[in-house]
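Here the protein sequences come in this chain order: F and S. Using this note's numbering, you'd call the opening residue of the first sequence number 252 and step up by one each time. Using this note's numbering, you'd call the opening residue of the second sequence number 31 and step up by one each time.
A hint or two may mislead.
[As the list claims (entries may be wrong)] Calculated from the model, a selection of chain S residues having no Cβ within reach of chain F, i.e. all distances over 10 Å:
(1) Glu49
(2) Glu55
(3) Tyr59
(4) Lys119
[Stated by the list, open to error] Just a few of them, taken from the derived set where beta-carbon distance is under 10 Å, the chain F residues facing chain S:
(5) Ile288
(6) Ser310
(7) Gly319
(8) Leu507
Simulated from the structure, these hints should not be mistaken for laboratory data. Glycine included, each C-beta is placed from N, C-alpha and C at the ideal position.
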Amino acid sequence: MKRMERQETGYFLPNDWILWQSQGSLEALKLSTGDQIQIEGTPAIDGSTIELSGSVWESLARFEPLVGQLRGRLQEQALQPLTRETVLRGSGWRQLFVELTAKCNEQCVHCYAESAPSRTEALGWPELRDVLEDAKALGFELVQLTGGDPLISPHCIRAVEYAAEIGIPQIEIYTNGLALRGKTYERLRELTPSFAFSFYSHDPETHDAITQTPGSHERTARAIRRAIADGLKVRVGVISMRQNQHDALRTQEYLLTLGVAQGSIGFDQMRDVGRGDAAITESAAPPPGIQTGGVETKRLRSFGGTAAVSYEGTVYPCIFSRHLPLGTIHDAGLAAILTSAEPLASRKRNLLTARARWGEKLSCWECQTRSVLLEGTCRA
Amino acid sequence: MPEHSDRRVPQRKNTLTHEVTDTDEVVIYDGNTPQLLVLNDIAAGVWLMIDGKRSIGDITAEILSHVEAEPETVARDVAAFLGQLEQRKLIAWEEAS
């Protein structure tokens with residue numbers, strides 16, 4: 252028999268539930284789906300506390316199957332106190348974004364990182380090395396080198412080499428491909444990281460207008476074609492916005508002609524972060540029938556497990572959650588920041604309502620949820 | 031006028047479903063929300079008396095016929111409980127004809 256606690260307390264039930272318990276009430280959020288249930292008792296008549304006896308659990312489950320799932324998990328695993336680490340790690344550390352530099356050879360109109368050729372902020376090698384070692388120690392499955400354009404960083408190849416040396420399972424370079432040539436390309440071809448290319452349109456004029464870089468369409472397409480021809484793992488991300496939304500299907504067809512596999516083309520919605528904040532003036536979701544990533548994956552198989560290190564050394568839950576700085580690697584190591592046992596505010600929250608508020612800033616369900624849970628613990 | 035002569039009649043919202051458990055608690059479910067409400071056995075007794083005909087005074091009198099308690103206390107508790115149900119939009123009020 253589970254007796255409700257008088258004090259309002261937050262718990263994490265690995266790997267899928269966040270619970271708030273208080274006198275006579277239980278609020279639960281299933282992280283992988285976003286489903287929420289709220290069970291309340293009414294002690295008004297005689298002041299006694301509701302107990303969730305087996306009989307009550309069974310009755311609740313008849314009305315709401317989620318209750319049955321929750322009860323099953325409660326019987327299998329113990330609750331853990333709700334801390335920054337449990338919320339960030341979720342089902343396990345999956346992907347670390349590392350922005351090597353703010354500098355970019357393009358200046359895309361929507362760039363969340365506000366990268367540009369004139370930017371100079373960048374991670375140095377010692378701090379980058381420490382980040383990679385912490386990523387390995389924590390067990391991240393994938394480290395994505397991004398930026399700016401990571402190929403511009405003098406430490407990009409060294410980072411790929413070192414990641415392989417210390418045994419990070421997978422490393423991905425997120426690039427526009429403009430600098431993927433010459434000795435840089437030859438060495439990376441030997442190291443075989445995977446590549447994610449940013450791309451905007453089958454139409455060179457539209458693509459170049461978004462990147463604000465004449466000739467970028469041709470150079471990116473060439474880099475994609477060559478990497479595929481050499482057997483490297485390639486995916487392409489297309490950010491959908493007003494300028495390119497209308498021809499998404501033709502862009503998809505064009506990428507297929509370059510040799511990109513259908514399942515490796517992901518369309519995503521522009522986020523109102525960085526220059527995207529000013530660029531968003533109207534809805535620009537990809538049209539129906541287009542395979543999407545990010546925004547449409549609200550019902551995730553797993554929750555959490557992402558973190559980002561910016562070109563300034565600031566750690567965020569994700570590259571888009573720049574309103575939630577967790578700390579800086581200049582003051583503490585990445586592992587120390589991510590594994591903080593700092594308890595989160597244990598007040599009972601209506602998660603759906605609170606998440607809707609964050610929805611004004613963040614389009615991703617997962618970031619919204621983590622923002623609700625983490626807010627108040629982050630540095631302003 | 032004693033509180034248990036209150037003639038307001040509580041009426042359950044018609045979209046609700048409820049079930050009485052083996053332990054005499056009542057589970058109320060509103061399919062329009064993810065909320066489930068569990069009433070302990072005493073509150074459940076009041077809930078089950080809400081039939082659109084009994085007034086607060088009727089319900090209070092019926093409880094007093096089964097338990098030994100101060101009438102004013104019972105009337106106050108019943109009114110408070112029904113007020114909570116009203117706040118949760120689980121009941122509405124009608125005046126006794």
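Hints versus structure:
1. Glu49: violated (5 Å)
2. Glu55: violated (6 Å)
3. Tyr59: violated (4 Å)
4. Lys119: holds (13 Å)
5. Ile288: Since chain S brings a Cβ to about 5 Å from Ile288 (chain F), closer than 10 Å, the hint holds.
6. Ser310: holds (4 Å)
7. Gly319: violated (12 Å)
8. Leu507: violated (42 Å)
Figure legend: structure checked against the earlier numbered hints; hints not met, in rising order: 1, 2, 3, 7 and 8.
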